[in-house]
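Two chains, two frames, some hints: make the complex.
These protein sequence lines map, in sequence, to chains A and B. By our numbering, the letter at position 4 of the first sequence is numbered 4, and the numbering carries on one by one without gaps. By our numbering, the letter at position 31 of the second sequence is numbered 31, and the numbering carries on one by one without gaps.
The hints are simulated quantities; they were obtained by calculation from the structure and are not laboratory data. Remember, it's a predicted structure, so these values are computed and weren't measured experimentally. C-beta: ideal position from N, C-alpha, C; glycine also. Some hints could be false.
As the list claims (entries may be wrong) - Quick list of the computed label-pair ranges, beta carbon to beta carbon:
#	chain 1	residue 1	chain 2	residue 2	range
1	A	Asp130	B	Ser176	33 to 43 angstroms
2	B	Leu23	A	Lys9	45 to 55 angstroms
3	A	Glu176	B	Ile245	52 to 62 angstroms
4	A	Thr57	B	Asn203	52 to 62 angstroms
5	A	Glu253	B	Asp20	38 to 48 angstroms
Unchecked claim - Straight-line alpha carbon distances no greater than 25 angstroms define the calculated PhoX-like cross-link-like pairs of lysine-lysine that follow:
#	chain 1	residue 1	chain 2	residue 2
6	A	Lys128	B	Lys261
7	A	Lys212	B	Lys16
8	B	Lys16	A	Lys141
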Amino acid sequence: MGDVVVAEKLVKNYDEFRAVDSIGFSIHQGECFGFLGPNGAGKSTTMRMIHCASPLTSGRLTVLDMDVQVDPRRIKALIGVAPQENNLDPDFSVIKNLTSYARYFNMEKALALKRSEELLKFMQLTEKRDEMVESLSGGMKRRLIIARALINEPRILILDEPTTGLDPQARHLIWERIRELKRKGVTVILTTHYMDEAEKLCDRLVIMDKGKIVVEGTPRKLIEERIGAEVLEIDEPSPEMEVFVQAKGWDFERTADRLLIYSRCCEDLLGELRTKFQLESVIIRRASLEDVFLRLTGRRLVE
Amino acid sequence: MSLVKNISWRSWSVWKRNRDVFLTTWKTNFLPPFLEPILYLVAMGLGFGVLINDLVFRGETIEYIQFLAPGLLAISIMYGAFFECSFGSFVRMHYQKTFDAMVATPLTIEDVITGEILWGATKSLINTTIVLVVVTAFGLADFPGLIFVPVIAFLGGMMFASLAMLFTALVPNIDSFNYPFFLLVTPMFLFSGTFFPLDVLPNWAQTLAYALPLTHVSIVVRDLCFNYFVLIDLASIAYMIVFTIIFFFASLYLMKRRLIK
Numbered sequence: 001m002g003d004v005v006v007a008e009k010l011v012k013n014y015d016e017f018r019a020v021d022s023i024g025f026s027i028h029q030g031e032c033f034g035f036l037g038p039n040g041a042g043k044s045t046t047m048r049m050i051h052c053a054s055p056l057t058s059g060r061l062t063v064l065d066m067d068v069q070v071d072p073r074r075i076k077a078l079i080g081v082a083p084q085e086n087n088l089d090p091d092f093s094v095i096k097n098l099t100s101y102a103r104y105f106n107m108e109k110a111l112a113l114k115r116s117e118e119l120l121k122f123m124q125l126t127e128k129r130d131e132m133v134e135s136l137s138g139g140m141k142r143r144l145i146i147a148r149a150l151i152n153e154p155r156i157l158i159l160d161e162p163t164t165g166l167d168p169q170a171r172h173l174i175w176e177r178i179r180e181l182k183r184k185g186v187t188v189i190l191t192t193h194y195m196d197e198a199e200k201l202c203d204r205l206v207i208m209d210k211g212k213i214v215v216e217g218t219p220r221k222l223i224e225e226r227i228g229a230e231v232l233e234i235d236e237p238s239p240e241m242e243v244f245v246q247a248k249g250w251d252f253e254r255t256a257d258r259l260l261i262y263s264r265c266c267e268d269l270l271g272e273l274r275t276k277f278q279l280e281s282v283i284i285r286r287a288s289l290e291d292v293f294l295r296l297t298g299r300r301l302v303e
Numbered sequence: 001m002s003l004v005k006n007i008s009w010r011s012w013s014v015w016k017r018n019r020d021v022f023l024t025t026w027k028t029n030f031l032p033p034f035l036e037p038i039l040y041l042v043a044m045g046l047g048f049g050v051l052i053n054d055l056v057f058r059g060e061t062i063e064y065i066q067f068l069a070p071g072l073l074a075i076s077i078m079y080g081a082f083f084e085c086s087f088g089s090f091v092r093m094h095y096q097k098t099f100d101a102m103v104a105t106p107l108t109i110e111d112v113i114t115g116e117i118l119w120g121a122t123k124s125l126i127n128t129t130i131v132l133v134v135v136t137a138f139g140l141a142d143f144p145g146l147i148f149v150p151v152i153a154f155l156g157g158m159m160f161a162s163l164a165m166l167f168t169a170l171v172p173n174i175d176s177f178n179y180p181f182f183l184l185v186t187p188m189f190l191f192s193g194t195f196f197p198l199d200v201l202p203n204w205a206q207t208l209a210y211a212l213p214l215t216h217v218s219i220v221v222r223d224l225c226f227n228y229f230v231l232i233d234l235a236s237i238a239y240m241i242v243f244t245i246i247f248f249f250a251s252l253y254l255m256k257r258r259l260i261k
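Pulled out of the complex, with its shape left as it was, chain B reads as follows (with noise of 0.2 angstroms):
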């Protein structure tokens, strides 16, 4: 296929072009995933959090605030990618014609989109790396498995990167963004295991719920932080690779659509 031959390790400079923006401002990238998640730990983990008990995981009882910290690394791996190849990348390509520049030069458009999600999937890995040190620093997260969250936040970052350029590649203007995150994004934020286990919920909706990119997310990811591995980690695994190669090619082939006139 076209799609696979076009694409080359000149992706990188486009990497590279992100890296250094992001660089230039790296402070104030860097609070926000740094504060949200103490912010949540305080207000629902030791706040709400003293209205919950009996929760039980895996067996075990624990403390409301050991289920909620998981759960914020899983969605800051979505947000990160989703968030800098949805309005991010729109950004470059409609305002301020970044990509039209770039395949000007020896890069072909897959290159240009290759290198946006890559960046996408870095910015799950360096947000998430931040909200890890403060989950760990609160002692809700242990060795050795949270040393491979950040392997899940890159491969969780591309799945995320890939649909967000999906959209990137059909939305027709900037507003229209507030579609994917009305009807997916939020939905993935509230019901993907992230604030309660799924197990309380109806079949027919743990189902649905199943059926999220966001859930399997969570589930390898609150896994590792208790250092737990099963089978259905595999299965995550597996569903997350699968994912990112369809959205990945998809995502690919309508930002071909829209751009080669």
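Looking at chain A on its own, in the form it has when it is part of the complex (with noise of 0.2 angstroms):
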């Protein structure tokens, strides 16, 4: 299968800030692609160039073989964006929203109106046909920007933090359909800062950190390179047992109340802890992504 998104030396600057500097990935057909990252990290604006909202400083970026800055039209009208921000129509009810979106892309009346109806069918909206979208709640409103972003069949799909803010049920709801988009063989290229979801969702990701890539590869992969199998939390360790850890070169970090200790084998780790020192509040869990994506940016709060 070939690449459908190539980026060599990616650069975008806003005035004097960077904010993507030099990056580049590729992005294969019918996959799942995340960009995890903290705020600010350069995600949304790479997502941004993608889908040719926003021009490129330097390097070079094609979509589907095409350059972005040639041939945005064509670009845009084979792909699908779901913003971060809600951007629906609110002069609009829920159908005629998606039907105004279908005639942007001069789709036919008759043809636009039968894919709306299968889209509210597929996102589980058609009882909200004739609502107008203020009366939504927040995860319906994803929903209809997700159904809005598939009107054109896109070949790839664009989801900038799809559950954000939503509850357990919507963002489950949201997943299946994702997962379902693969099966049909769309490409979706996610945002997030849920590790879960990047975790269940993404074939391969990159974690993005103040403009550049500092790693990518499958989640699974990841985890077992940057942690281990499984990690050894520790809750308000003494400095003692600190010095032990260090002493015996353990894979571990400190946090605010937390020793961490990653490894293969942390009930033998524990075994020798409990030799020394009494072991009150310990837990054994299985390595996530969220320990890498910590572990790589920082746990200092990114503002």
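What follows is the structure in structure tokens.
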């Protein structure tokens, strides 16, 4: 399978600020590709460049073998964009939001209506067909935005934080739909702050920080390489414990109130610790993408 | 120039979007342009006009209400487009993020702005046609000249829509529209030969008045209502065309600068 999006030495400056700093990546046909990173890492800017909303400062970016700077109209006709911000049309009903959007793609009226009805069904919004957008809940608005992004049967679907602020039911419905679209061969590009979401959906992902790509890989591989299989978490460790762990040469991290030890066999380490220290609150858990993320992008709050 | 290259027939889909919204609330949309000229004609024309005698227009003595009616048409041309492409467009751009949604489709920002301006001009056309019906019912516009008033309404509408879009591209927030309205629109409303002939003004003020876009719209509309057509009308139409082109491209350029980041 070919690559549907290829970026080389991609740079984006906003005045003095460098939002995207010479990154390169390629997204394969039919996969779900994730952009992860703290706020201000450059994810959304990268997405905006992919869907031709933001011009490049330098570098090269092709989507479906077309240059974003040469063929934005043709590219935009073949992709679907579900933005982070709600920009549904408040002057229209649910169905009219879809049919009027279809008109921007120059879609024929009867076809637009047929597609719109199908998409409402797909996103479980048929009951809300004739309601005004304002009366929808947050989850319904989000589903409608995704439905709208699918109106032109896009080859690439771009989802910018598709489930932020939604309840678990709404998140699961959206995840199911994303997987279904993937099975149909749609390439999905998504950004998210939820590591469980990225782990569940993404075939491959990159973690960005300060405009650069820090790592790239499959979620499993990243966890294994960067963390190991398990994490041993100790609440309020004593300073001696830290010294001990350090002397042992174990892979560990000290946070404000915890000691995290990364290993493939935490049971053994815990046994060893128990011989030396009185341990009260200890847990051993499976390593997750969140561990990778926090380790790579730091634990301090980014504003 | 890429500004021209990026405009396409797709602009009409933006126009259609606004038309559809307009048609869902058409009853409230039609009422003001219908009632307002009646109020003005009665109060200013019949009431206030009684105090005015010997008003001479193109060598003919006319009643004040005859002078006023074309002025009201010109004003409706200005307001229709100016409101639509200032407050209306700003709400769609800034609060509703409608433009953002549109440019994620094959539409370019140039298509969107062009569609908005075409719609603004259409609003002038619709409102002015309603006022024209009222004015004609009062017997204040003559055939065949009045037939061409809607054409001028669309052209003048393009000019005012583009001018308004220029401010929409520049204002930091919606309250800032007070400046163009207070400093430009209201003076035009009063001093563009709408309510009184310009030749009563001192020379310097006349010169200033002739620089205003609405002056030229009201010259042409008044001549059409009276079935005159003289050289100055051609000059005024030329003024409208030239300024439409200038305002249109300036607004495209500034809008692009504001929205494409």
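A:Lys9 and B:Leu23 - C-beta distance against the hinted 45 to 55 angstroms | Given range 45 to 55 angstroms: holds, Cβ gap about 50 angstroms.
Hint says 33 to 43 angstroms; check whether the CB-CB distance for A:Asp130 and B:Ser176 agrees.
-> Given a distance of about 37 angstroms, which is inside 33 to 43 angstroms, the answer is holds.
Holds or violated: B:Lys16 with A:Lys141, Cα cutoff 25 angstroms?
-> The hint holds at about 23 angstroms.
Holds or violated: A:Lys128 to B:Lys261, with C-alpha atoms at most 25 angstroms apart | violated (35 angstroms)
Given the hint that A:Lys212 pairs with B:Lys16, does the C-alpha gap stay at or below 25 angstroms?
-> At roughly 42 angstroms apart (the allowed maximum being 25 angstroms), B:Lys16 and A:Lys212 break the hint.
Range hint 38 to 48 angstroms: satisfied by the CB atoms of A:Glu253 and B:Asp20?
-> About 57 angstroms separates the Cβ atoms of A:Glu253 and B:Asp20, which means 38 to 48 angstroms is violated.
Holds or violated: 52 to 62 angstroms for the Cβ distance of A:Glu176 and B:Ile245?
-> holds (53 angstroms)
Determine whether the Cβ-Cβ distance between A:Thr57 and B:Asn203 falls within the hinted range of 52 to 62 angstroms.
-> For B:Asn203 against A:Thr57, whose Cβ atoms are near 54 angstroms apart, the range 52 to 62 angstroms holds.
Figure legend: structure checked against the earlier numbered hints; hints not met, in rising order: 5, 6, 7.
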